[in-house]
Amino acid sequence: MGKNKLFSGVFILAFVLLIGFSTFALAEPLKVAVIFPQPITSEGWTKSGYDGLMKAKEDFDIEISYQENVSAGEIKEALRGYAAEGYDLIIVHEMDYIEPTIEVAEEYPDIMFAVIYGYESADNVAVVSGTNWEANCLAGAVAGLMTKTNKVGFMISHDSPIAHEFLNAAFIYGARKINPEVEVITTFVGSWDDTVKGKELAKALVKEGVDVIYSQCGVINRAVLQVCEESGIWAIGAVEDMSYLAPQTVIASAIAPTEYLVYGAIKDMINGTLKGGNVIKGIKDGAEDIVFNPSLKDKLPENGEEKIMELRQEIIEGNITIEQIREELTKQNVKF
Amino acid sequence: MEDGSIRIKQERYNKVFITIIPFGAFFIALFLGAVLIFLAGINPWEAYNYMLYSIFGNLRLFSEVFTHFVPLIFCALSFAVAFKGGFFNVGQEGQLYFGALTGALVGIYIQGLPAFIHIPLALLAGFIGGAFWCWIAGILKIKLGADEILNTIMLSYLSILLINFIVMYFLKPANSYISQSEKIARSAYFPKIIPNTQINLGVILALLIAIIVYIFLFRSPAGYEVRAIGENLEAANHAGINIIKGTMTVIIISGGLSGLAGTSIVMGTQYRLIPALSPGYGFEGIGAAVMARNNPLGIILTTFLFAFLRVGAGAMQRGVGVPLPISWAIEGIIMILVTASEYLSNKISANLIGGRA
Amino acid sequence: MVQEIILSLKEITKIFPGVIANDHISLDIFKGEIHSLLGENGAGKTTLMNILYGLYKPDKGEIIFKGEEVKIHSPRDAINLGIGMIHQRFMLIPRFTVFENIILGQPSEKPPLLEKEKLHEKILRVAERFNIKLDLDVPVENLSVGTQQKVEILKALYQGADLLILDEPTSVLTPQEAQNLFKDLLALKEQGCTIIFISHKLKEVMQISDRITVLRDGKVVGTKKKLETNFQELSKLMVGREISFTIKKKDVQPGREVLCLEDISMKNKKGLRLLKNISLSARSGEILGIAGVDGNGQRELADAICRLQKIDSGNIKMLGQEVSSSSPRRLYEQGLSYIPADRKRYGLILNFTIAENLILKDYYLPPFKRGLFLNVPYINDYSKKIIVAYDIKTPSHLVQASKLSGGNQQKVVLGRELSKCPKLLIVMEPTQGLDVGACEFVHNKLLDERDKGVAILLFSTDLDEIMSLSDRIAVIYEGEIMGEVDPRKADVGEIGLMMAGVKYLEKEVVDG
Ligand SMILES: Nc1ncnc2c1ncn2[C@@H]1O[C@H](COP(=O)(O)OP(=O)(O)OP(=O)(O)O)[C@@H](O)[C@H]1O
Ligand SMILES: [Mg+2]
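Residue numbers (the UniProt record's numbering), protein chains in the order written: chain A, 1 to 336; chain B, 1 to 357; chain C, 1 to 512.
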């Protein structure tokens, strides 16, 4: 039993000593923190957020910090930690954490919080997201441009209102804008990672005569790419530039460099424009775009690239909005 | 006269010596941790400073220590009770989840109760849930002689996956796509003891239960029975102690305590059931129990230390970017060295003043 | 004749909390002698040997071995010096062969090679030299206890020991095995080995030793040449008073039947018969001795009576009631006391304190329990009383049982079981490892109980004990009762034959 008393002695003493010597001082510039649900070493989504933070650090005079691998059980502690340590902007890189973020944000009304993607916001919680449609619209345009059979496929992971009203609508609109004859076949895989099912559905599309497929289904995208390669049809990459994966198949990619979401939030914060509520970042912010596969540029129809770029410009200038798209499609009696 | 003086001198010498050893081990562990941090290219002095500054500099963050402390203490007690009774329950993690499930169900679906009924009811449900999950391993051991270490671990995985599944397909509100249950009723929240902090009823409960477990083990006939079975099954059997009943008692209590760990997270921190409820409290609790030599009062201290290190790890990462794995390594080093130092002081005391078991 | 001194202990002192286990012990051991250590339980024999073997560090004193002062910090040091110790609990790995056990822990001469062939030969040479006959290639688990002991001895010799320490080696052996051991020891002595031998059995000590040193309360009280001493003198030195070796018994006055066994049989899982059609009865006020070589079903029989093992057929009645519907605890509550043979395994919880061990069967009953809790003050008082009544040598009732000397551990068990005022007492090997004084004490206690009207079932492999205590003797062999004899009439030879499996003819004739 004596030993137990001892333990308490041990660490109380240790800490008291260390505190005694503690000479910690806080610095003055804007302090920005990002919380990641995964290790920053994991490729893709988390990495892009990290890159955005690093970019911001280079471009602006800010002090940064991040905490990685924070599980749903630990998110509140991480948020409170940053809040207690005097950070001005705390960015949560996971939409599932929106609720705990709002909870902690209530405790710290003077601090700004931002969640990358999300469905609920608060006075001091900004939800920063992509447009969900701009790049998709351009992907549709490319599909319409490339198809010979006038049948193109669009694979979406989950069936949801957003999937219909944003993703699908924009894709169909883009395709029809370039090629009014085109028929878009949309399938919902119901998963982000069931590659077997993804392949099956892709093959089914090929059987129906589709000759361009655009897949927005996480891990499944690569499997779909394989099918396209084998079947000798075009694919449009998603999220990242996928041309390196299948140089002869990927004609273009609708990229979503999410680092611009984190970067954009920080930039807005510095400009003093970051407010609670929805913050949407699109092509003009660098958060989305279309890139062509340079080695396949000669396969594009004449003036093809120009047509796409025209459309892109219109989107940037705000001449096309998603509401207009939906209206137009409804008018044309096209289901989306 | 001469002999007397030898004895007294010797004992004093030993006490001092044996007292120094775990201290030394702890500091050596911190030092090794500092070396690791240094190798990661970070100033260890700054890292430790930041940890202390951050935690002690702010009551709110300090109170975060207790969000870990409460489940950890329950898990450690769970292991200790079982260990004392000769049952190697290493499935705290799974029992925690199951207790969280049952506790959360009572928290969510029973509405309109006053807190003083709702809280005990949810706790009871959590206890039963954890106890049930442990009981499965227990009955497998008693009826089939199946090894409980393997079983409790396997059941842990099963439980975690099962809860994942249940949350995803049954508890998730229809209009949400995030895999988490609804919030429990306000009446099942642990009331806060200090407003705006994480210090809530769970802390008092955990401390109280640690003391109760201590009294149970060392001051009650049932606890005596449990320890007798754990120390020497055959002698206990020859003494007429009902081994099966005693073992069952241990299993129920041990599982129940783990269940309370889960329930306390639901009622004190998350207020809902989420799949990533525990960042490994079950396993860490075992470490804390071993370090405290399964003494419930010692467990209060070791679990507090671990909880502190958890918050500290976060703080060090936020403050100076110490990668989490390094913090885990430091925790591991402390665990190993302090445990080893106990062995060492045992051995020294054996050699100098007797005590070879 | 001047003898060469191989080992000389000077002023060795070892203090445990509250006990001076060794108090300025000085002792010379001659080369090539068999030197016995005698002493009461707790006199400090084992402690002294543990110091010599590097298990304990002495607080004071020096060890001079082969003319040089040595510091022995660990068994490895001791082995390197040529000191070997045969532990009571053998340190052998059951599944390994004799050969593997012997080379275990020995560094190879040419690592990483093991050179099994060479080592094998080397061991055989050692065995030959000391005239030890052993098959090196059988797994140790297949060997009898006596042979396992031989393995331990050979191992020590192979490691180069020329001073062997044997702490109560005969307590685990049958009388035959003990005699074999003595033959081996004498052969070792011929070869120049020195042997330190510890035993409580004066007979053995007188048979084998050259000289005998007696310890009392951690001090040397005398060293005698065997030829110049006798039982009486040694026991007086040991205990400080005369010990009577003959037991005075009152005439037996058996009362009503307390235990009745009818045709009991038991098989083990493999279908092997452990008990065969045993019928016995014990009455209050008598001691029924069960003689037999160890491992002939004694434990199974005792366990069966206590309902710790299930019988396959037959009837057991205690106090006129079938026991088959009772739990062991019910039986204990009704007046059964059971003192099992292997006290460390079945009788005690070594990591519990003396006080905790004393309440092992009663902890759940008032006055040991009060309300929901253990009645700690009462338990403490109670333990202190038992410690006094049973003369348990310990500084405190809160000492762990593991820290007691063997004899005192037995007294704890005895104190627990006898203070419950049993009606039926089953005792196995009650004096194993006890000093003569303690033996006398236990024997007198048992006789007291008998005179108080307790029925006692005494299992013992010590024929002398059985002969002197019992009112009737049944002999068990391979789970079968070979016959019953009257100790006043029977002779030892006859019982010996029965113990070896020969049925008691006279009885058969009578039965026929
Ligand atoms: N590790 C220990 N801690 C405390 N006391 C001890 C320890 N080992 C032995 N003792 C005490 O030292 C004394 C001597 O014990 P030791 O075992 O040497 O006796 P012994 O002569 O071998 O007795 P026995 O014949 O019963 O085996 C006893 O009083 C015992 O209780
Ligand atoms: Mg001894």
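Keep in mind that the hints were calculated from the coordinates and are not lab data.
Incorrect hints may appear among the rest.
The list that follows gives simulated cross-link-like pairs (lysine-lysine, DSSO-like), each with its CA atoms no further than 30 Å apart [unchecked claim]: (1) B:245 / C:269; (2) C:445 / C:201; (3) C:10 / C:403; (4) C:236 / C:225; (5) C:317 / C:267; (6) C:225 / C:267; (7) C:60 / C:71; (8) B:143 / C:270; (9) C:236 / C:269; (10) C:219 / B:245; (11) C:219 / C:420; (12) B:141 / C:189; (13) C:226 / C:250; (14) B:245 / C:201; (15) C:10 / B:143; (16) C:267 / B:141; (17) B:245 / C:310; (18) B:141 / C:384; (19) C:249 / C:225; (20) C:503 / C:452; (21) A:47 / B:245; (22) C:270 / C:225; (23) C:317 / B:141; (24) B:141 / C:219; (25) A:197 / B:172; (26) B:143 / C:267; (27) C:71 / B:245; (28) B:143 / C:310; (29) C:236 / B:245; (30) C:66 / C:267; (31) C:270 / B:245; (32) C:219 / C:189; (33) B:245 / C:10; (34) C:445 / B:245; (35) B:245 / A:275; (36) C:31 / C:267; (37) C:420 / C:452; (38) B:143 / C:269.
Against the structure, the hints:
1. A hinted pair counts as satisfied when its Cα atoms are at most 30 Å apart, and residue 245 of chain B with residue 269 of chain C qualifies at roughly 24 Å.
2. Our distance criterion of 30 Å between C-alpha atoms is met by residue 445 of chain C and residue 201 of chain C, whose separation comes to about 20 Å.
3. Between residue 10 of chain C and residue 403 of chain C, the direct Cα distance comes to roughly 25 Å. Compliance with the 30 Å bound is thereby established for this hinted pair.
4. About 16 Å separates the Cα atoms of residue 236 of chain C and residue 225 of chain C, which keeps this hinted pair within 30 Å; it holds.
5. Proximity of residue 317 of chain C to residue 267 of chain C is assessed by CA-CA distance (about 20 Å); at most 30 Å being required, the pair is judged to hold.
6. Between residue 225 of chain C and residue 267 of chain C the alpha-carbon distance is near 51 Å, which puts this suggested pair outside the 30 Å criterion.
7. Of the supplied pair hints, the one linking residue 60 of chain C and residue 71 of chain C holds, its CA atoms being roughly 12 Å apart against a limit of 30 Å.
8. A threshold of 30 Å between alpha carbons decides the hint, and for residue 143 of chain B with residue 270 of chain C the separation of about 20 Å falls inside it, so the pair holds.
9. This hinted pair does not check out: residue 236 of chain C and residue 269 of chain C have alpha carbons roughly 50 Å apart, beyond 30 Å.
10. Under the criterion of a C-alpha separation no larger than 30 Å, the hint pairing residue 219 of chain C with residue 245 of chain B is inconsistent with the structure, at around 49 Å.
11. Distance restraint check for residue 219 of chain C and residue 420 of chain C: the Cα-Cα separation of roughly 36 Å exceeds the 30 Å cut-off, and the hinted pair is therefore not satisfied.
12. Distance hint between residue 141 of chain B and residue 189 of chain C is unfulfilled; the C-alpha atoms sit about 53 Å from each other, more than 30 Å.
13. Taken as a hint, the residue 226 of chain C and residue 250 of chain C pair is broken in the structure, with Cα atoms around 35 Å apart against an allowance of 30 Å.
14. Under the criterion of a C-alpha separation no larger than 30 Å, the hint pairing residue 245 of chain B with residue 201 of chain C is inconsistent with the structure, at around 43 Å.
15. The hinted pair formed by residue 10 of chain C and residue 143 of chain B fails the criterion: a straight-line CA distance of about 59 Å is larger than 30 Å.
16. Our distance criterion of 30 Å between C-alpha atoms is met by residue 267 of chain C and residue 141 of chain B, whose separation comes to about 25 Å.
17. For the hint linking residue 245 of chain B to residue 310 of chain C, the alpha-carbon distance of about 19 Å falls within 30 Å, and the restraint holds.
18. Taking the CA atoms of residue 141 of chain B and residue 384 of chain C, the gap is about 40 Å. The hint is violated against a cut of 30 Å.
19. The straight-line distance between the Cα atoms of residue 249 of chain C and residue 225 of chain C is roughly 34 Å, outside the 30 Å bound, and the hint therefore fails.
20. Taking the CA atoms of residue 503 of chain C and residue 452 of chain C, the gap is about 34 Å. The hint is violated against a cut of 30 Å.
21. Using a Cα cut-off of 30 Å, the hinted pair residue 47 of chain A and residue 245 of chain B is violated, with the two alpha carbons roughly 55 Å apart.
22. Among the hinted pairs, residue 270 of chain C with residue 225 of chain C is inconsistent with the structure: their alpha-carbon atoms are about 53 Å apart, more than 30 Å.
23. With a C-alpha separation of about 33 Å, the suggested pair residue 317 of chain C and residue 141 of chain B falls outside the 30 Å cut-off, and the hint is violated.
24. As the CA atoms of residue 141 of chain B and residue 219 of chain C are separated by approximately 52 Å, the hinted pair breaks the 30 Å bound.
25. Straight-line distance between C-alpha atoms of residue 197 of chain A and residue 172 of chain B comes to about 25 Å, which keeps the hinted pair within the 30 Å bound.
26. Restraint check for residue 143 of chain B and residue 267 of chain C: the C-alpha separation of about 22 Å stays at or below 30 Å, so the hint holds.
27. Note on residue 71 of chain C and residue 245 of chain B: the hinted pairing is violated, with a Cα-Cα distance of about 52 Å set against a maximum of 30 Å.
28. Using a Cα cut-off of 30 Å, the hinted pair residue 143 of chain B and residue 310 of chain C holds, with the two alpha carbons roughly 18 Å apart.
29. Annotation: proposed proximity of residue 236 of chain C to residue 245 of chain B is violated, straight-line Cα distance about 51 Å (limit 30 Å).
30. Distance check on the hinted pair: residue 66 of chain C and residue 267 of chain C sit about 56 Å apart at the alpha-carbon level, beyond 30 Å; violated.
31. For the proposed pair residue 270 of chain C and residue 245 of chain B, the alpha carbon gap of about 28 Å is at most 30 Å, so the pair holds.
32. A C-alpha spacing of about 27 Å is found between residue 219 of chain C and residue 189 of chain C, which places the hinted pair at or below 30 Å, so the restraint holds.
33. For the hint pairing residue 245 of chain B with residue 10 of chain C, the CA-to-CA distance comes to about 55 Å; that exceeds 30 Å, so the pair is violated.
34. This hinted pair does not check out: residue 445 of chain C and residue 245 of chain B have alpha carbons roughly 35 Å apart, beyond 30 Å.
35. The suggested pairing of residue 245 of chain B with residue 275 of chain A is violated, with an alpha-carbon distance near 63 Å, which exceeds 30 Å.
36. Restraint check for residue 31 of chain C and residue 267 of chain C: not satisfied, since their Cα atoms lie roughly 52 Å apart, outside the 30 Å limit.
37. For the hint pairing residue 420 of chain C with residue 452 of chain C, the CA-to-CA distance comes to about 13 Å; that is within 30 Å, so the pair holds.
38. Between residue 143 of chain B and residue 269 of chain C the CA atoms are separated by roughly 17 Å; this keeps the pair inside 30 Å, and the hint holds.
When the structure is compared with the earlier hints, violations turn up for hints 6, 9, 10, 11, 12, 13, 14, 15, 18, 19, 20, 21, 22, 23, 24, 27, 29, 30, 33, 34, 35 and 36 and for no others.
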